[in-house]
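K.L.:
The lines below spell out each chain.
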Amino acid sequence: MRDKMKIFAGAAIFLAVALFPLWYVRTTGKASIVPEPKIVNAGKECVNAKEYMREYHMTMLNEWRDEVVREGRRTPIVIAGVEYQKSLSDACMKCHANKSDFCDVCHNYLGVSPTCWDCHNSPKEPKHEIR
Amino acid sequence: MKYDKNYELSRREFIRKAALLGLSVGGSKTLMEVVFGDDILAASTDENPATVRWAMVVDMTKCSRREDCSDCMAVCHRTHNVPAISNRRHEIKWIWREPFVNAFPELKEGRLRKDLYGAGFIVLCNHCDNPPCVRVCPTRATWRRQDGIVMMDMHRCIGCRYCMAACPYGSRSFNWMDPRKILDEKAINQDYPTRTKGVVEKCDFCAERIDRGMLPVCVEACKEKALVFGNLSDAGSPVSGLLAGRFAIRRKPELGTRPEVYYIV
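So the protein lines, in turn, are chains L and V. Residue numbers for the first sequence follow my numbering, beginning at 1 and rising by one. Residue numbers for the second sequence follow my numbering, beginning at 1 and rising by one.
What the hints contain is simulated information worked out from the structure, not anything from laboratory work. One thing to keep in mind: the hints can contain errors.
To be verified - Across the chosen pairs, the derived CB separations fall in these ranges:
#1 V:252 <-> L:50: 50 to 58 Å
#2 L:58 <-> V:107: 32 to 40 Å
#3 V:52 <-> L:125: 53 to 61 Å
#4 L:79 <-> V:215: 46 to 54 Å
#5 V:25 <-> L:15: 38 to 46 Å
#6 L:18 <-> V:78: 50 to 58 Å
#7 V:197 <-> L:107: 15 to 23 Å
#8 V:215 <-> L:55: 36 to 44 Å
#9 V:184 <-> L:24: 25 to 33 Å
#10 V:246 <-> L:45: 24 to 32 Å
#11 V:198 <-> L:65: 12 to 20 Å
Note that beta-carbon positions come from the ideal geometry of N, C-alpha and C, so glycine has one too.
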């Protein structure tokens, strides 16, 4: 038990290093790298508020999916006089046509890989280098 | 033989337990009903006939029957991004041509009009009123809509292929490989999704077009006007009119699936 101090000190150092991302963001208030999705066609109004879309776009897309596919409710959503289909490729990606600079930026940052585009088409983009 | 006292049961006790057992079996719902709800065995809607019942009539007296006419198939497969795979074990079909004796095997025996035997019949999903594929699907990825369309939800399909085993018409195809690797990238219809490896697909009567008041693409594409689509519940619809005046057959009606694609011969 004479190594008590060493063990605790070692554990403290290990935790400090392992949890660096957490306490660094806490103390400085900002992450060193923040994903910056490029919003194009910003002139048009989105189907929901920016804050809502940021957090819940996946929930909304799942709701759209269930309404359209399972219930056959395809009535478009009207925002500021513009009709939007309840569709990822037919509505979302008509404005946000830059998948790699918009969708992928955050998804890669968070390490999530949604399977949407395994089937749904995204607009053609010039070839990108992987960042 | 040794007698185990733990299993001893008095007459009174036996009658009481037998009555309880009888009640639990007869008085309550079956396990299937509890787990899946009441509608598991009632995929069809005999009880409340819908006001819309989509159906198709294939007028084989008008269909060109030529092997080289593939307007309906080509436009369907192009629109829905169905890849053309020559290997028959992997091929994917929504609408295709089948020799008469394969489409109507029960009519093979005996003699019918000679020209029928050489004809290639246009076959597709029959959108049955009593669809066996729907009954077996463990995830309800395929189900029967109120208007009779047997739909597929690719998001839910787990690729178990029970539905393919259940369908007596071979209307369902499995994606053994990623269709995007086979499809011509430039020819992909951007307005319709592709599928992914490991899901089952089939004709869905162009549900996305019907919901917008349009006809299925195959019906629009047929120059001979051999494909007729409409509402069977509406006596004034083109399908009702045709079927009222002409003799039509259905594929394998003896199986009780109640197919809703009719063939005028």
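K.L.:
Just tell me: holds or violated, for the beta carbon distance of residue 52 of chain V and residue 125 of chain L against 53 to 61 Å?
P.N.:
violated, 41 Å
K.L.:
If I claimed the Cβ atoms of residue 252 of chain V and residue 50 of chain L lie 50 to 58 Å apart, would that claim hold in this structure?
P.N.:
Hint holds: Cβ distance 55 Å, inside 50 to 58 Å.
K.L.:
So does residue 246 of chain V sit 24 to 32 Å from residue 45 of chain L, Cβ to Cβ?
P.N.:
violated, 54 Å
K.L.:
With respect to the beta-carbon atoms only, verify the hint that residue 18 of chain L and residue 78 of chain V lie 50 to 58 Å apart.
P.N.:
holds, 55 Å
K.L.:
Could you check the hint for me, namely that residue 215 of chain V and residue 55 of chain L are 36 to 44 Å apart, CB to CB?
P.N.:
holds, 41 Å
K.L.:
Would you say the C-beta atoms of residue 197 of chain V and residue 107 of chain L sit inside 15 to 23 Å of each other?
P.N.:
holds, 21 Å
K.L.:
With respect to the beta-carbon atoms only, verify the hint that residue 198 of chain V and residue 65 of chain L lie 12 to 20 Å apart.
P.N.:
holds, 18 Å
K.L.:
Does 32 to 40 Å hold as the CB distance between residue 58 of chain L and residue 107 of chain V, or does it fail?
P.N.:
violated, 52 Å
K.L.:
Can you let me know if the beta-carbon spacing of residue 25 of chain V and residue 15 of chain L is within 38 to 46 Å?
P.N.:
violated, 60 Å
K.L.:
Does the beta carbon distance between residue 79 of chain L and residue 215 of chain V stay inside 46 to 54 Å, or does it fall outside?
P.N.:
Roughly 30 Å apart at Cβ, these two residues miss the hinted range, so it is violated.
K.L.:
Is 25 to 33 Å right for how far apart the beta carbons of residue 184 of chain V and residue 24 of chain L are?
P.N.:
Cβ of residue 184 of chain V to Cβ of residue 24 of chain L: about 49 Å, so the range 25 to 33 Å is violated.
Going through the hint list in order, the structure does not satisfy hints 2, 3, 4, 5, 9, 10.
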